[in-house]
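Chains as they are written, first to last, in our numbering: chain A, 404 to 764; chain B, 404 to 764; chain C, 102 to 328; chain D, 102 to 328; chain E, 95 to 323.
Derived by calculation from the structure, the hints in this document are not laboratory data. Be careful, since some hints might not be right.
[What the hints assert, rightly or not] In silico SDA-like links for lysine to any residue, alpha-carbon gap of 20 Å or less:
#1 A:Lys-531 <-> B:Gly-415
#2 B:Lys-531 <-> A:Gln-514
#3 B:Lys-531 <-> D:Met-129
#4 E:Lys-186 <-> C:Gly-179
#5 E:Lys-303 <-> E:Thr-127
[Claimed, not checked] Which chain D residues stay away from chain E? Per the calculated CB distances, all over 10 Å, these:
#6 Trp-135
#7 Leu-223
#8 Arg-280
#9 Glu-288
[Stated by the list, open to error] If you anchor each label on the Cβ, the simulated ranges turn out as follows:
#10 C:Leu-304 <-> E:Asp-322: 18 to 28 Å
#11 E:Tyr-264 <-> C:Asp-174: 21 to 31 Å
#12 C:Thr-315 <-> B:Phe-453: 27 to 37 Å
#13 D:Thr-176 <-> B:Phe-453: 54 to 64 Å
#14 B:Thr-651 <-> A:Ala-526: 53 to 63 Å
#15 A:Ala-526 <-> B:Ala-529: 18 to 28 Å
#16 D:Ser-175 <-> B:Ala-509: 47 to 57 Å
#17 B:Ser-712 <-> A:Arg-706: 45 to 55 Å
#18 A:Arg-706 <-> B:Thr-651: 23 to 33 Å
#19 C:Phe-144 <-> A:Arg-505: 45 to 55 Å
#20 B:Gly-610 <-> A:Pro-426: 19 to 29 Å
Virtual Cβ for every residue (Gly too), placed ideally from N, Cα, C.
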Amino acid sequence: MTLHIDMQVTAGEFRLSVTETLPMDGCTAVFGPSGAGKSTLLRGLAGFQFATGRIQCEETVWLDSSRGTDMPSHTRRLGYVFQQGQLFPHLNVEGNLRYAQRRASAAASMQWDRVVKALELDAMLARKVQTLSGGERQRVALGRALLSAPRLLLLDEPLSALDNQRKAEILPFLERAKDEFRLPMLYVSHSLDEVTRLADRVLVLAGGEVKALGETVAILERLDVQSLTGTFEAGAIVTATVFGHDQTRLLTSLRFGDAVITMPLLLHISPGQSVRLRIRSRDVAIALQRPEGISIRNVVAARILDVVSDPASPYSEVLLETGSEHLRARITRAAAEDLDLNPGLRVYALIKSVALGKPDI
Amino acid sequence: MTLHIDMQVTAGEFRLSVTETLPMDGCTAVFGPSGAGKSTLLRGLAGFQFATGRIQCEETVWLDSSRGTDMPSHTRRLGYVFQQGQLFPHLNVEGNLRYAQRRASAAASMQWDRVVKALELDAMLARKVQTLSGGERQRVALGRALLSAPRLLLLDEPLSALDNQRKAEILPFLERAKDEFRLPMLYVSHSLDEVTRLADRVLVLAGGEVKALGETVAILERLDVQSLTGTFEAGAIVTATVFGHDQTRLLTSLRFGDAVITMPLLLHISPGQSVRLRIRSRDVAIALQRPEGISIRNVVAARILDVVSDPASPYSEVLLETGSEHLRARITRAAAEDLDLNPGLRVYALIKSVALGKPDI
Amino acid sequence: MGLMGDLSTAIVLTAKLAGVTTLVLLVMATPLAWWLARSKRWFKPFVEAVTALPLVLPPTVLGFYLLLLFSPDSTLGGAWVDFTGSTLTFSFIGLVFASVLYSLPFMVQPLQTAFEAVDEELLNAASSLGASPFDAFVTVACPLALRGFLSACILTFAHTVGEFGVVLMVGGSLPGETRVISIVLYEYVETLRFDEAHDLALLLVVFSFVVLSTVYLLNRRLRFRIA
Amino acid sequence: MGLMGDLSTAIVLTAKLAGVTTLVLLVMATPLAWWLARSKRWFKPFVEAVTALPLVLPPTVLGFYLLLLFSPDSTLGGAWVDFTGSTLTFSFIGLVFASVLYSLPFMVQPLQTAFEAVDEELLNAASSLGASPFDAFVTVACPLALRGFLSACILTFAHTVGEFGVVLMVGGSLPGETRVISIVLYEYVETLRFDEAHDLALLLVVFSFVVLSTVYLLNRRLRFRIA
Amino acid sequence: RADEIVVATASNFLATMNALAPRFSAETGHAITVTSGSTAKLYQQIVHGAPFDVLMSADQAHIDRLIKEGQAVATSRVTYARGRLVLWAGGKPLIGTPQALLSDPRWQRIAIANPAVAPYGAAAMQVLAALSIESRVTARLVYGESIAQAHVMVATGGAQLGVLSLSQVYSADPSTWVAIDDSLYSPILQDAVLLNRAAQNKAGQSFMKFVRGPKARKIIESFGYGLDG
Ligand SMILES: Nc1ncnc2c1ncn2[C@@H]1O[C@H](COP(=O)(O)OP(=O)(O)OP(=O)(O)O)[C@@H](O)[C@H]1O
Ligand SMILES: Nc1ncnc2c1ncn2[C@@H]1O[C@H](COP(=O)(O)OP(=O)(O)OP(=O)(O)O)[C@@H](O)[C@H]1O
Ligand SMILES: [Mg+2]
Ligand SMILES: [Mg+2]
């Protein structure tokens, strides 16, 4: 069950060349600077743009230019959310949604109520698409793609026009689409939080080439990737196991390495299950002794693996180990020097519970 | 030097009604949920949409429906960056930019080099606009608006299609446009960091009405506004005075209230000058005693003014006072209870220097 | 058959001819216009040129050549007689053939212009939703080109009503078969029956005005509802 | 004056008439088409209907009424004589007037279709950059409607070349003044000079084909460069 | 001193006129321009100020009208030709009486000029009436705008038989056409007249004289027209 890509697309002076095999489940984030070729990759996969090479989705060969195979887009069964929406101007909102629904299988067309409800499209069904605001338009585009019951969902910055509240509301819906319907997605986004939340793996593109592909955890920790993607949000991704929910204080306790940490309630995860958390370097502080009388609840014993300082930066990155997990702390160089932090030193990592909550997407 | 707005716009069932007077300098952020009427407000001001009421920009009456005055858009001398770009498809990138330049005053047309350089448009001047990526398109749209040498710049989510690195590169350019050319702007954005960075004041719209207008500092602290705008990034905005730069450790020290804090170097601000910092609640922790041997450098003595807890939330908001400044800390309810935090208690606010650095926009 | 009978026969015949011609062209020219709007083949400009050619020949001359083509002695005309048992010349069906050929550019050109204005990305969107190219053409391109269809149909219909050079030559002015209003009106003018000519011309103009206004009004209403 | 001389005079005259008519209509019909494309007035559909009316009258009949209108005895024709000293009928200028009227729909309709496809938001963008409505019309709407202009000009030009009913009536077939190719060709057919008719028709068709192909080829090149 | 005239000619006479014109110029030194159209069209143009000097009509009715309306010089009027009807089948040898030929259903389509607008058409209808074969023929008739168009219909094979003017087939092999007896229709007399604007025009007057002259008559006759008076 894989999507095998060995594709070249030429657009003017730009050349995209991608050779990768992606699993056909979960969400693959496509990450990279503006002009990297993210949209071009998606368009090539969808068959909107002339491509050469070979694409095979599960058993179906979409493209094989050596044999002259090139399945037309509409038979590839994919949903596409365009960067600019591309709603049909001659249909109203309901017309746009029904357009997709009517062409999907019967089973899929039963999604109607769920999609409409989740994206809060009820109130605008009768509206002309010309009268929608930027955010409303993108919600309709998303709903339309979901209603077409695709085998693979290609999303080109679907949430960038939405406000934080709407993003926070729609993200879980995408998560559900991914988990419940096992709908594989390729997700282009500039937002690290969206990616962390949704993506199982990340494909980093720059200059039309794949710079990295791997598990979200691993990729987002790589400093070279971070400089490519222009993010300052270095961090570590850890896997923790839920062992209890505190319904009064609305906290969930998790075991992570040797430590127990708490974070805002994760009700949908039952005890025993594990979750993935992204802990940003900037949210981690270091103490030499276990501090008392402090509001920071999560104090994790750890050992310093490395301290990376750069005289051109005010910061030091401290790499920590706790049990089998890694953490990163970004502190000022001044602090690292004053505390005399060195590899091997046993310290305490301080992590605010609040930082583990719903991310600020 | 003000922009006086007393305008009503009706679009289908939606009705926008705004009566406000905005100073014609600096940047006014327009903030609000999707569908709030932000674009409608800008379109009404630009004269793209039929509006009634009165708009007066400095001495010029743009609209006065009681007298039948309605200045056509092109005489209002405003720059507009559209949510969807709206580049001219029959011109290439240079053509689009020259289109604006040729219609601007001679003095303004000398901006060419600066604009092209700042937005890195050189390499794409000869390109067809159809071949631009989403982010490139928006950069051209921005450049075009700047080159038209407007008296007022209306920006409708100009950066939402850009990656973090580009955003970080363009923001300073907007800041310069605002400061050096004293170009007033109305800036629609969903990003709190953009707003904090650029805006002198914030106009909060919801359901076609102004919910709040005031200094960025004051507005962003208001909880009602925060729930309206769907942001979780509650915080406080403090004014601090620079008193020294440490060139080795690349830190700047600032006096703020009774305390001294350090943060990554702010070289462009000379000692004695003051800066505005937004300190997010989530970046502030509370300790009962001054902690030792900890990487958090900024430990500020403060007094608890209020603790707001909500049984439906795992969090408590702690409002702190230090000198004449206020701070907010978001901690878990559990921590607040365990530490027995109550109004009047003297505590220490812990603020990571890192959190004060370049924001994660 | 009285004069009024004659006239009303002619009116019905004209409406029928213009209607059938418009319908036939709608079916024939739409795919052609679509192809012209989307194709990138090197020979496309030449097809475009051929499409416009019927315009440059004076109607009578075009009629002359059509007569040659349709004549039972010719290959086409002969084959037609063999298959149908009746001649293509001096028959209603022959008139339709002639009008279709003559009015082709009026249908193709506005349609092509309208189709070219349809955003390629919307067709991509349709295909991502599972619409085949034909489906997308019918459900996206055509509705978006509605105004082009209207314009094309009006030009074609009106032009067929007004045309008489070709019709006279190929049709032979047979009452009830090929004698359309334009021929009747022509005869009035030629025989100096000015009063009747004025009346008929007025009738034609008023009727056309009413029909056209209605179409345009409906179009407006339609567009307000659709778009 | 030899026959060939006669023919070449007719060719030059035809080109001149079609060219002038197209130019005049370009200037006159463009603002009209723009207004029709953008206006939301209640009477717009009626103006649209009037614009299409010249089509429904048979050319000879239209010619007859134009003859009445242009005649020195009429108000318009008389005023023209008073002002210019020459008659409108049986003169080149009269032919231009007649052709302009007759070809109006062919210019207006494709232009209107093309203008309607121009995105309102792009005009807003232009005005935010300081372009007056006229400026935006010239620098944004017109280039975007390029294909509509091409289509309109070709329909108009070709139709004026092919038209002879009106021209014959209003112009009177005066060599060098009003005797255009279509009339010459018509006369060849009428006087049974079929060989000459074939030659001339072929010439006309080949020439038109070459011109049209060139225009379409250039248009393609142009579009590749512009868009 | 040479003058210039414009002669408006009925379409059916245009070919003959084209032969006459150079002769006239050579003889008198006057320049001549020939224009043509259906007689009705030319009449209307004259009424509305057309710059024509002479009208060569296909009938007498329009000349009557012009004279009555004071548009033409009555004294200049002349009958320059008499049209004759023939049957023609597109060049195939034709044998038989007009009556037999017209009645023969083998001719599926018979082209005549539109009787409403063309004198030749009206004459053709008179022939049918005189032979009492209207009922057998009418259903097979097709109508050309002019006698020339009727000829074209036959020449292209669209119609199989035509009631045409002798002048149209005169130069062809006589076995391909069958003349119709003059007594079966009232004579198709074609008149010419000098128009008012040319009343004082030397060239106009000399043209009227030329048309009556022997050289012109010979040419006219050579095109298959009869000559009366
Ligand atoms: N037809 C074309 N001709 C020339 N260059 C093109 C063409 N299409 C795309 N490009 C260029 O290819 C590069 C990749 O474009 P693409 O749209 O894939 O970028 P992207 O990664 O989606 O960027 P963004 O985040 O800004 O949307 C860009 O530099 C773009 O300008
Ligand atoms: N012509 C119209 N007819 C009906 N409703 C309209 C029309 N134009 C705008 N609206 C509605 O008015 C509201 C405000 O739209 P507007 O585009 O100003 O929102 P916005 O604040 O810019 O939202 P976003 O952040 O999503 O861009 C929306 O609900 C929109 O759907
Ligand atoms: Mg993109
Ligand atoms: Mg908006």
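I'd like to know which numbered hints this structure contradicts. Please list them from smallest to largest. 2, 3, 8, 9, 10, 13, 15, 17, 19 and 20
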